[in-house]
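2 protein chains.
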Amino acid sequence: MIAFDAHPGGYKHWKLSFDGPVATLSMDVDENAGLQPDYKLKLNSYDLGVDIELADAIQRIRFEHPEVHTVVITSMKERIFCAGANIMMLRGASHGSKVNFCKFTNETRMAIEDASAQSQIKFLAAVNGTCAGGGYELALACDEIILVDDGNSSVALPEAPLLGVLPGTGGLTRVVDKRHVRRDRADFFSTLVEGIKGKRAVEWGLVDRIYPTSQFREAVRARAAELATASDRPAAGPGVTLNPLNPTVTDSAITYSAVSLTLNRPKRTADLTVHAPAGPQPTSVDAILGAGDQFWPLRAFRELDNALLRLRTNEPEIGTVVIRTEGDLNTVLAVDQTLLDLRSHWLVREILLLMKRTLKRLDLTSRTFFALIEEGSAFGGSLFELALAADRSYMLHDDAEENVVALSEMNFGPLPMSNGLTRLETRFLARPDAVRDLRAQKHPLNAGEAEAAGLVTFAPDEIDWEDEVRMAVEARAAFSPDAMTGLEANLRFAGPETMETKIFGRLTAWQNWIFQRPNAVGAKGALQAYGQQGRPEFDWKRT
Amino acid sequence: MIAFDAHPGGYKHWKLSFDGPVATLSMDVDENAGLQPDYKLKLNSYDLGVDIELADAIQRIRFEHPEVHTVVITSMKERIFCAGANIMMLRGASHGSKVNFCKFTNETRMAIEDASAQSQIKFLAAVNGTCAGGGYELALACDEIILVDDGNSSVALPEAPLLGVLPGTGGLTRVVDKRHVRRDRADFFSTLVEGIKGKRAVEWGLVDRIYPTSQFREAVRARAAELATASDRPAAGPGVTLNPLNPTVTDSAITYSAVSLTLNRPKRTADLTVHAPAGPQPTSVDAILGAGDQFWPLRAFRELDNALLRLRTNEPEIGTVVIRTEGDLNTVLAVDQTLLDLRSHWLVREILLLMKRTLKRLDLTSRTFFALIEEGSAFGGSLFELALAADRSYMLHDDAEENVVALSEMNFGPLPMSNGLTRLETRFLARPDAVRDLRAQKHPLNAGEAEAAGLVTFAPDEIDWEDEVRMAVEARAAFSPDAMTGLEANLRFAGPETMETKIFGRLTAWQNWIFQRPNAVGAKGALQAYGQQGRPEFDWKRT
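Chains as they are written, first to last, in numbering that gives the first Met the number 0: chain A, 0 to 542; chain B, 0 to 542.
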């Protein structure tokens, strides 16, 4: 079971150091500390455990170190920056593990780009040695790449020619869509095992600058300092410490302070419940700083994020998740308002961005989500995004008409999906005016109103409720899990595509396809043959 | 071997009739006339052969019947519009065949939408019976859908719940992205075997109108006539007859009048050569009408299109295609200019659109294309698009500097890719100014100039040429075919995404993934289990 928790004091693979506005995140993978004992993480190659630490470090820099404006990512190994995902790990992993591993590493790279675009933390890849595959993909996620010009160090995406798979962490997309490398050059580069170094790497746009070994360290230092000057992050802390979540974990449940996940393994379903905050909530920056990581939105969304990650990785057979909320709707709306009022403060901004990333994690989780909106629920504002993110929502049309949902300004901008639209905009592609009308109306909506407004899928009455919901969940859980994954991946992201949706849609889907092909994973496929005697044997048919 | 030729006189599955500005294309599939003998095409279900006739009919309406402004697509079977792709055919088909089948049917649906958007031929689906899966996807490709309200006829996408696969011909994408059906309703609809009929189908946006049986025929007639009034197509012909291409086919070559494809099976490569026109070419509408289907661009691109389709379907092991051109560059440029000068004429417009669709077919062909630009080549304007569509281009830097390429206005708009950009815009995402500069300069470029301008990938000199090109082709042909397919699918479509790229990228890649999964195609998978005793057995792990 993987818990997705990490703490700098316990990092096995990274060193995190601070020098004023510049943090340095140095990769120094312990080859004997892989998540599984059957591979060694040589040459700064990585597995999921290495990436969990990286994700943790970036999250901590955001929250615990507001004084950090630039992050330098580099290596402590001689002549090696990073060799990418560990091949022996990939060879031994199940299909699902490979896919989930790539998804998480992709989300981590996206979190880097989100920090750059939204938090004004700039990332500088200081590539001080060979940089291949996932190593180069990590560099591509940074704002700038400086490569040492030592006659040897290159950047490379050797996956296709060497292993018969794709660079699975956004490399192909970022080369052409972020760095705008010409597509014919990208084609040549991506079939070149040895990669490209020196001046050609700059000319082709694969890196930004090269420096000889003697000047490299100083050039990185100077550029990092320069990048740090443009940030609006504070010059000094204090930050907010992210303490361990410490959920109570049993065989069939994970219980946090504001989130609980209960598994029903025989039915292959889970119940995911988010509890609204109770009692008075902080309404000033000082009070929020005082509450720290116990401030409800920070706490609840960290917990939700962790629950989703555990579900994905540890519970592959749970195909359908029923989402509920509980508690006081009005308190949720009040917290939303506080966050929006104070959003210019760095900490509040970070909390909003964490909420956004967590909801994206839900969008990208390949499980069916059905939201159940019952009496006593708290589907308001930011929590209503859970219902909008779900594949369907069922709202009890109670006789008393006391079951309500409510919108807040949180539904109209701060929490966009990967496609760049809000969930309401995506939902109402046919009727942009409906989004405008919903924004104008300020009172909660009962089930009849919510259904008429298009905010929920179905609103069964008290007589039908139980049967209709039960049958919907049972029917869903009986469908082919693969068909549901494909269906949801296509229906959830209507509207425009972005680099992010391209990576999670087109690139990932092709990689998943290749990850099943005998030419990659068969007994004589390239991934199996790598490093062995003899060459892979291919079925030459093009598909 | 499938020849991809068809003629209305020989149609087995469609009836094409004309009534002034309205053509009616009636599906009447001969269940005993499938391409393979091991399935029967019951209930207007289809295989590739049915779709080849459909594609042919649409092409002929464009060229042979300029007086047609609306096409009604309907069925001649009782109570059945179309049951979609034949399941027994899918069950028996190899993975590659399934993928290629879906690609072609997708291109045919795109050709319908292209005819609507660009040729002002509107399409009306007159759904006069049950309409499921690919049947509904065909309707979705039309501008409008009228459904008979007979208490029985529904539209449905039952693939996921029934067969464990996706609707593979754009259905999911078009439901949310074209018809803007709300994503939660789309989710419900796409898991409903029996589909949706009557008023709910209209309310949800799945169809545009319903009529009771007694009014259906007249309503279709009236709406078709109404749609026809807005077209700028001529009120009367004559059109241009599309005669059979009749290439000379041997075991290792297909030779047309302006195109030749030579196969080198041991090396898994092919040489594809396009010959420029020779001698004086028509320069007026009358002369073009007189030349008919022998006018070079119409002839050459029809031949190229046919060569690509045969290559895809009949030669799966040919992984790398070397593209050459031969002849007089200036004649190509002169023909380009004629087409552009006369493009407001319906026939010239159709020729330009055919060129565009053929080049898109090349973009979407999962084979590596390397363009070789040697002395005596004719890579100018529209033919230079072949070099831009290729994954790489090699241009001989001859000592005499006589080897040249040239651009025309054809490279700056009329031949966009699926992503909506020209190939030059896609190539120079980093430098839009480069596209502007190239447009301003009017003389041919020798190899040094073309390389400096970024128009070709490499420009080896006479000493290096032979070895460099040979080694590049040999190296490419040795890589995993699957990795190359994934690589090219990701690198070729930089920049924005459109509904079209979504269908060919995201949706297709997921469908290809599912088409390999044991849950669909395994001995106990849903596709195998359909119609048999017992239910499918799934591996319940979500991926």
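Warning: the hint list may mix true and false statements.
For chains that are exact copies, the list does not tell them apart, and a pair is met inside one copy or across any two.
[Said to hold, decoys possible] Computed list of lysine-lysine pairs in DSS-like fashion (alpha-carbon distance at most 27 Å, straight line): (1) K355 <-> K441; (2) K523 <-> K266; (3) K540 <-> K523; (4) K540 <-> K266; (5) K441 <-> K76; (6) K540 <-> K41; (7) K76 <-> K540; (8) K76 <-> K14; (9) K14 <-> K41; (10) K39 <-> K14; (11) K76 <-> K39; (12) K523 <-> K39.
FYI, nobody ran anything at the bench for these hints, they're computed from the structure.
So, going through the hints one by one against the coordinates:
no.	hint	verdict
1	K355 <-> K441	within (23 Å within a copy, 50 Å between copies)
2	K523 <-> K266	between (38 Å within a copy, 21 Å between copies)
3	K540 <-> K523	both (15 Å within a copy, 25 Å between copies)
4	K540 <-> K266	between (41 Å within a copy, 13 Å between copies)
5	K441 <-> K76	neither (58 Å within a copy, 53 Å between copies)
6	K540 <-> K41	neither (34 Å within a copy, 31 Å between copies)
7	K76 <-> K540	neither (41 Å within a copy, 38 Å between copies)
8	K76 <-> K14	within (12 Å within a copy, 71 Å between copies)
9	K14 <-> K41	within (17 Å within a copy, 66 Å between copies)
10	K39 <-> K14	within (19 Å within a copy, 65 Å between copies)
11	K76 <-> K39	within (15 Å within a copy, 64 Å between copies)
12	K523 <-> K39	within (22 Å within a copy, 38 Å between copies)
Going down the numbered hints, you'll see the structure goes against 5, 6, 7, while the others check out.
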